[in-house]
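Peer 1: Okay, here's what each chain looks like letter by letter:
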Amino acid sequence: MTINIAIVGCGKIADSHVGEIRKLTCARLVAVCDLEPIIAEQIAVRYGIPHWYSDFDRMLSEQRPDVVHIATPPRSHLALTQKAVRAGCHVFLEKPLAVNAIEGRRLIECVQQAGKKMTINYWPNFETPALGLKALVARGELGDPVHVESYYGYDLTGRFGQALLSDESHWVHHLPGKLFHNIIDHAINKITPFLSDETPQVLARAYRRRPSNDDKTDRVLDELRVMILGRSTSAYVTFCSHARPVGQFLRVYGTRNTVHVDFMLRTMLVEQFQGFPTALGRLVPPFKSSWRSFRQAAHNVGEFAGSQYHYFAGMNRLLSAFYDSILRNSAVPISYAEILRVSTIMDEIFTQVYPEDVT
Amino acid sequence: MKVLVTGAGGFLGTALIERLIAHGYVDIRCNLRRRANIPKLEEISKRFPQADLEYCIGNLKSSEEAARAVHGVQLIFHLAAGLKGDAADLFLDSVVSSRNLLQAIGDRKPMRIVLVSSFAVYGVAELGRGAKVDEQTALESHPEWRDDYAHSKLRQEQLFWEYQRRNGFELVVLRPGVIYGPGAGHFSSRVGIMIGKSLLYLGGGNLLPLTHVQNCAEAVVTAGFHELAAGQVYNVHDDDLPTCRDYLRAYKKYVKNVRSVPLPYFAVQLLSKMLAIYNRYSKGQLPAVLTPYKAASLWAGNQFDNSKLHAIGWQQLVPTVEGLRESLGALRAEIDSAKVR
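Which chain is which? The protein sequence lines are A and B, in order.
Note that numbering that gives the first Met the number 0 gives residue 267 to position 268 of the first sequence, counting from 1, and the numbers run on in steps of one.
Note that numbering that gives the first Met the number 0 gives residue 304 to position 305 of the second sequence, counting from 1, and the numbers run on in steps of one.
To be clear, the hints were calculated from the coordinates, so they are not data collected in a lab.
Hints may be right or wrong, so weigh each one.
Simulated crosslink set (DSSO-like; lysine-lysine; CA at most 27 Å straight-line) [what the hints assert, rightly or not]:
| id | chain 1 | residue 1 | chain 2 | residue 2 |
| --- | --- | --- | --- | --- |
| 1 | B | K196 | B | K338 |
| 2 | B | K272 | B | K83 |
| 3 | B | K251 | B | K196 |
| 4 | B | K131 | B | K272 |
| 5 | B | K282 | B | K272 |
| 6 | B | K196 | B | K272 |
| 7 | B | K251 | B | K338 |
| 8 | A | K82 | A | K11 |
| 9 | B | K196 | B | K255 |
| 10 | B | K108 | B | K60 |
| 11 | B | K282 | B | K83 |
| 12 | A | K215 | B | K60 |
| 13 | A | K11 | B | K282 |
| 14 | A | K287 | A | K133 |
| 15 | A | K22 | A | K115 |
| 16 | B | K60 | A | K11 |
| 17 | B | K39 | B | K1 |
| 18 | B | K83 | A | K11 |
| 19 | A | K215 | B | K39 |
| 20 | B | K1 | B | K108 |
| 21 | A | K11 | A | K22 |
| 22 | A | K22 | B | K282 |
| 23 | A | K215 | B | K83 |
| 24 | B | K272 | A | K22 |
Throw the hints in and build the complete structure from the sequences for me.
Peer 2: Here it is, written out as structure tokens:
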């Protein structure tokens, strides 16, 4: 069976959705929609998509897609999801979930009430090393998690950063958490699986490090530090726009071993307890570590040779798993509780760093 | 008569304002996206005290701001456009902004719009090697095969002609080649592509359709006010065009000795074919930065003709030798000042 897909929201991120949908044999992209017809038209022309719309309701009624990908700014996520599930569609949502956790909860409830499925684009968690970490944890090789560090480096000179810093009316400026709101899902969703607490204690501080533009864009803070304290596990979340090279990693300190997952280099390195005594105990581990790095590099070469090393390979796996859950009527790849927990922690962070913008 | 210049804070925009003032048109509304660009225009204001520059800060992506920008003007020089970014950004900055501007004007008359388009709209890939590109050359039939910039500029120009037919205003279109001058980039993609610190040098002996920013601005003013220019298209490039080889040689002499790896055209075609095949096979694991279509568009080598522009009285103000010396000198100064910092 082929699943018919439609996309609403044809901005930058829509290109990655189109690219990954087209790689899947079980899916067919039938239409795209954007409030701005010129933007819908350009993506349809570039990718040869048969239909494009500027009216979401019309697209739903004429194309009757099985799944709608919502890739619009988060303020419209709830309303579009409500329309999509009412029209009988499942929903693949671009992060963040919604403008806040209250709306996010309503969004999930409306999906459940309609008997439909929804998932969110937490694609880095479906990269090979992230899946490796999941398997490692499941096997108990880390022991109990004691502390987790999630580091997210960001390049403000990149296309998205430049777009929002050169445009005072960019939609990111209207989000309660501004730039962080659009990005830090990717940092928070990596630590929530290790926190057993429903509402851990959150302490957040943020500041602007870049020079002033002397306009409204100055309100966008670009450095964020968060400490999260649970009953048995603590976490640091760092969002950093100025350190180079730009890195993204997760480090989990367990009672048995520690693991370092590098999302940029796509490696997972386990730092095991070593039993050599005296000086040997400091001499041998770097060799073991180098050997593990070499094996990871060789594995990546293998993935590259097999054309499995795309930038959005994780998104491809996530989409595949989501469509599969629809076809088999099985569990969605990311639990709704997990998605809501990320959203709740984000709300708490924004309340602390942008108190005047969060109502 | 007040004239509007969109993109007034840009590379060509500031040069155009100077040329407008030089021609005696001093009542100018400068549309800028950001206040940060005002100091550049203030400098012009100081040099030409007779100029009456009005700053209109606003993004044409907003219909309201577009309406504010065009209020009360009968002549518009539309330079604002997206130059870099993703396809969605380029279309927003070039096409959606243009649509808002055109809707704000409606069927107001008299109205003349001077659009600065681009050489990128020509369907050069379908011409033979060495073919002449002039105003009669067919437009791109597959801009999406070339690049997002060409695609957005072609769509922008089409939009202007559609609205012109509907609303009957006077439209003048200029299609500049490679605009250069102090403040421009180091290499046009027609010369080659920078990979790390090395230049993959693809242009060889092809003519480089340069136009110095002052010469280009002069062309925009000349066509903008010429009685017979309504409904016409003008290619804009200078007379004494260098080859890509000449440019690279001068760059190495006056700026720095960049490492260049030359690839003859047959090798460029071969490499592009291989990359395109691999891109398809791997489903985009490596981007198709080179394809045979892109290669034929940029590096096949063409002849150029600016006689139509000369026919309405345009004259090259800055000779190419002098312009290159000035432009490359500015690049060298930029490197030196970065070293000091």
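Peer 1: In ascending order, which of the hints set out earlier in this document are inconsistent with the structure?
Peer 2: none
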